[in-house]
Amino acid sequence: MIELDKVNKWYGALHVLKDCSLAVSRGEVVVICGPSGSGKSTLIKCVNGLEPFQGGRIVVDGVSVGDKATNLPRLRSRIGMVFQHFELYPHMSALENICLAQVHVLKRSRAEAEARAMELLTRVGLTDKARAYPGNLSGGQQQRVAIARALAMDPIAMLFDEPTSALDPEMINEVLDVMVGLAREGMTMMVVTHEMGFARKVADRVVFIDEGQILEDAQTEAFFAAPKSERTVLFLSKILEH
Amino acid sequence: MFGGFDYDVILRSLPILWQGMQLSLLLTGLAMSGGIVWGTLLALMRLSAFAPLSVAAGAYVNCFRSVPLILVIFWFYFLVPLALGRPVGPFYSALIAFALFEAAYYCEIIRAGIQSIPRGQVLAAEASGLTYWQAMRLVVLPQAFRNMVPILLTQGIILFQDTSLVYVVALKDFMTAASVVANRDGRLVEMYLFAALVYFLICFAGSYGVRRLQTRVAA
Ligand SMILES: Nc1ncnc2c1ncn2[C@@H]1O[C@H](COP(=O)(O)OP(=O)(O)O)[C@@H](O)[C@H]1O
Ligand SMILES: [Mg+2]
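Residue numbers (the working numbering), protein chains in the order written: chain A, 1 to 242; chain B, 1 to 219.
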């Protein structure tokens with residue numbers, strides 16, 4: 001469903017992604033981890049064309065992302081994305097946040113969009129917050145609205161970029177629970193996170209990236225039991241300490 | 001002429017002064033609207049990644065900001081009829097001059113407003129399938145304008161004062177009306193004092209309102 005083949009990207013002279021190859025099949029959950037600045041956000045933003053890349057190929061559901069002829073907005077409307085800092089629109093209520101792209105991209109009627117939004121708010125446990133503005137919601141609630149906003153587009157895959165790392169510890173689980181639910185329902189997911197508990201629970205594979213290179217790509221059990229690269233071992237020992 | 005303060009001349013001239021004030025307010029309102037619309041387009045052009053657009057908009061802004069407003073009003077009084085091939089009257093030429101001139105200032109205000117919105121907002125909007133222009137229209141501009149209302153209104157108050165410059169094209173705004181009466185009746189002190197008082201009250205009240213709004217927007 002998502003295939004990266006020898007992807008290379010530079011920010012000026014900085015070589016951020018080096019020959020990254022990775023495949024995510026339908027229904028698979030792949031967790032990506034690695035030190036800060038290693039290129040995780042850049043990699044995941046390349047998948048839906050939010051960042052251009054200079055070498056290699058990315059194909060999502062048969063569509064080549066880097067191709068000039070590709071209708072990127074159309075492709076993006078089919079891939080949900082959740083950000084570290086939620087990025088809800090602060091001038092709109094939770095309900096309006098979830099309706100915006102449904103109405104303007106999918107051309108759903110307002111009534112249809114609102115019905116779908118309410119359904120999803122119920123699913124993430126925020127039925128009573130439909131009229132609330134992001135400024136009045138906790139971090140965990142905002143992130144759950146953001147997930148609902150992405151799901152409202154009925155995506156074929158979901159991308160998560162450190163969805164819980166801006167949250168207070170006591171709010172992490174309410175967001176992870178929603179993500180676990182999605183994974184168990186068979187959603188195709190690429191998740192940048194350091195929540196190894198989440199990885200062990202639902203990930204099919206774990207990928208370790210360092211300095212723009214994919215150093216490890218293994219079945220979850222194997223990844224934790226016998227990491228191949230030394231840097232993976234070092235990284236795991238650091239984040240599993242606490 | 002300094003013999004006794006004549007309140008009566010003010011009362012007698014109120015109807016003509018009111019007519020002038022209506023013209024001043026109309027000119028301010030229309031020029032502001034036009035200036036904000038054109039200024040928004042200019043700001044989007046300046047922020048465009050397409051160099052010819054951003055360079056053209058930048059040149060426009062710098063040109064208008066380097067010329068005194070009064071000259072612009074003069075030029076348009078002579079140039080607009082030439083360009084259109086028919087007379088348009090001082091009101092429309094002045095309106096066009098003000099709108100185009102103000103747009104240069106609004107452009108810079110709006111550009112800063114757009115840039116103050118975090119980039120993540122555009123990313124989130126684009127990630128959901130909205131085009132760049134939809135993201136601007138639905139996500140960035142509404143937030144930017146909400147933050148900018150106080151500055152835009154302050155610029156409007158300055159514009160209101162500047163509309164008094166239309167005396168150079170013989171338009172009867174409030175200031176011109178006061179000045180006409182002053183000279184006709186030989187009551188310069190009364191009329192100019194009264195005009196100053198009116199401008200002061202309106203602009204003071206306006207600024208006060210903007211400050212109240214500012215604390216509400218900030219909250
Ligand atoms: N817009 C940008 N311009 C220049 N350099 C960037 C930009 N975004 C990220 N980088 C750099 O690219 C590298 C990878 O960044 P990122 O993908 O955000 O890492 P991660 O998400 O793994 O922490 C870092 O060194 C970062 O400083
Ligand atoms: Mg990151």
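One thing to keep in mind: the hints can contain errors.
[Stated by the list, open to error] Here are the simulated SDA-like pairs of lysine to any residue, each with C-alpha atoms no more than 20 Å apart in a straight line:
{"hint": "1", "chain 1": "A", "residue 1": "K68", "chain 2": "A", "residue 2": "Q84"}
{"hint": "2", "chain 1": "A", "residue 1": "K107", "chain 2": "B", "residue 2": "R137"}
{"hint": "3", "chain 1": "A", "residue 1": "K107", "chain 2": "B", "residue 2": "L138"}
{"hint": "4", "chain 1": "A", "residue 1": "K45", "chain 2": "B", "residue 2": "K172"}
{"hint": "5", "chain 1": "A", "residue 1": "K18", "chain 2": "A", "residue 2": "E28"}
{"hint": "6", "chain 1": "A", "residue 1": "K45", "chain 2": "B", "residue 2": "Y132"}
{"hint": "7", "chain 1": "A", "residue 1": "K18", "chain 2": "A", "residue 2": "S41"}
{"hint": "8", "chain 1": "A", "residue 1": "K45", "chain 2": "B", "residue 2": "M21"}
{"hint": "9", "chain 1": "B", "residue 1": "K172", "chain 2": "B", "residue 2": "F50"}
{"hint": "10", "chain 1": "A", "residue 1": "K45", "chain 2": "B", "residue 2": "R12"}
{"hint": "11", "chain 1": "A", "residue 1": "K68", "chain 2": "B", "residue 2": "W133"}
{"hint": "12", "chain 1": "A", "residue 1": "K6", "chain 2": "A", "residue 2": "D67"}
{"hint": "13", "chain 1": "A", "residue 1": "K107", "chain 2": "B", "residue 2": "Y132"}
{"hint": "14", "chain 1": "A", "residue 1": "K45", "chain 2": "A", "residue 2": "A69"}
{"hint": "15", "chain 1": "A", "residue 1": "K107", "chain 2": "B", "residue 2": "Y199"}
{"hint": "16", "chain 1": "A", "residue 1": "K68", "chain 2": "B", "residue 2": "Y132"}
{"hint": "17", "chain 1": "A", "residue 1": "K107", "chain 2": "B", "residue 2": "M136"}
{"hint": "18", "chain 1": "A", "residue 1": "K68", "chain 2": "B", "residue 2": "T131"}
{"hint": "19", "chain 1": "A", "residue 1": "K68", "chain 2": "B", "residue 2": "I202"}
{"hint": "20", "chain 1": "B", "residue 1": "K172", "chain 2": "B", "residue 2": "R137"}
{"hint": "21", "chain 1": "B", "residue 1": "K172", "chain 2": "B", "residue 2": "I202"}
{"hint": "22", "chain 1": "A", "residue 1": "K45", "chain 2": "B", "residue 2": "L123"}
{"hint": "23", "chain 1": "B", "residue 1": "K172", "chain 2": "B", "residue 2": "R12"}
{"hint": "24", "chain 1": "A", "residue 1": "K68", "chain 2": "B", "residue 2": "R12"}
{"hint": "25", "chain 1": "A", "residue 1": "K18", "chain 2": "A", "residue 2": "P155"}
[Claimed, not checked] Estimated spans, in silico, between C-beta atoms of each pair:
{"hint": "26", "chain 1": "A", "residue 1": "R110", "chain 2": "B", "residue 2": "T154", "range": "51 to 61 Å"}
{"hint": "27", "chain 1": "A", "residue 1": "S138", "chain 2": "B", "residue 2": "L47", "range": "30 to 40 Å"}
{"hint": "28", "chain 1": "A", "residue 1": "G37", "chain 2": "B", "residue 2": "V67", "range": "42 to 52 Å"}
{"hint": "29", "chain 1": "B", "residue 1": "L41", "chain 2": "A", "residue 2": "K107", "range": "24 to 34 Å"}
{"hint": "30", "chain 1": "A", "residue 1": "G55", "chain 2": "B", "residue 2": "L53", "range": "55 to 65 Å"}
{"hint": "31", "chain 1": "B", "residue 1": "I151", "chain 2": "A", "residue 2": "S138", "range": "24 to 34 Å"}
Honestly, the hints are just simulated from the structure, not real lab data.
A virtual CB, placed ideally from N, CA and C, is assigned to each residue, including glycine.
Okay, the hints, checked on the actual structure:
| no. | hint | in the structure |
| --- | --- | --- |
| 1 | K68/A <-> Q84/A | violated (29 Å) |
| 2 | K107/A <-> R137/B | holds (17 Å) |
| 3 | K107/A <-> L138/B | holds (15 Å) |
| 4 | K45/A <-> K172/B | violated (59 Å) |
| 5 | K18/A <-> E28/A | violated (24 Å) |
| 6 | K45/A <-> Y132/B | holds (16 Å) |
| 7 | K18/A <-> S41/A | holds (14 Å) |
| 8 | K45/A <-> M21/B | violated (56 Å) |
| 9 | K172/B <-> F50/B | violated (44 Å) |
| 10 | K45/A <-> R12/B | violated (71 Å) |
| 11 | K68/A <-> W133/B | holds (19 Å) |
| 12 | K6/A <-> D67/A | holds (15 Å) |
| 13 | K107/A <-> Y132/B | holds (17 Å) |
| 14 | K45/A <-> A69/A | holds (19 Å) |
| 15 | K107/A <-> Y199/B | violated (50 Å) |
| 16 | K68/A <-> Y132/B | holds (16 Å) |
| 17 | K107/A <-> M136/B | holds (18 Å) |
| 18 | K68/A <-> T131/B | holds (15 Å) |
| 19 | K68/A <-> I202/B | violated (56 Å) |
| 20 | K172/B <-> R137/B | violated (38 Å) |
| 21 | K172/B <-> I202/B | holds (19 Å) |
| 22 | K45/A <-> L123/B | holds (9 Å) |
| 23 | K172/B <-> R12/B | holds (17 Å) |
| 24 | K68/A <-> R12/B | violated (72 Å) |
| 25 | K18/A <-> P155/A | violated (28 Å) |
| 26 | R110/A <-> T154/B: 51 to 61 Å | violated (36 Å) |
| 27 | S138/A <-> L47/B: 30 to 40 Å | holds (34 Å) |
| 28 | G37/A <-> V67/B: 42 to 52 Å | holds (49 Å) |
| 29 | L41/B <-> K107/A: 24 to 34 Å | holds (27 Å) |
| 30 | G55/A <-> L53/B: 55 to 65 Å | violated (30 Å) |
| 31 | I151/B <-> S138/A: 24 to 34 Å | holds (32 Å) |
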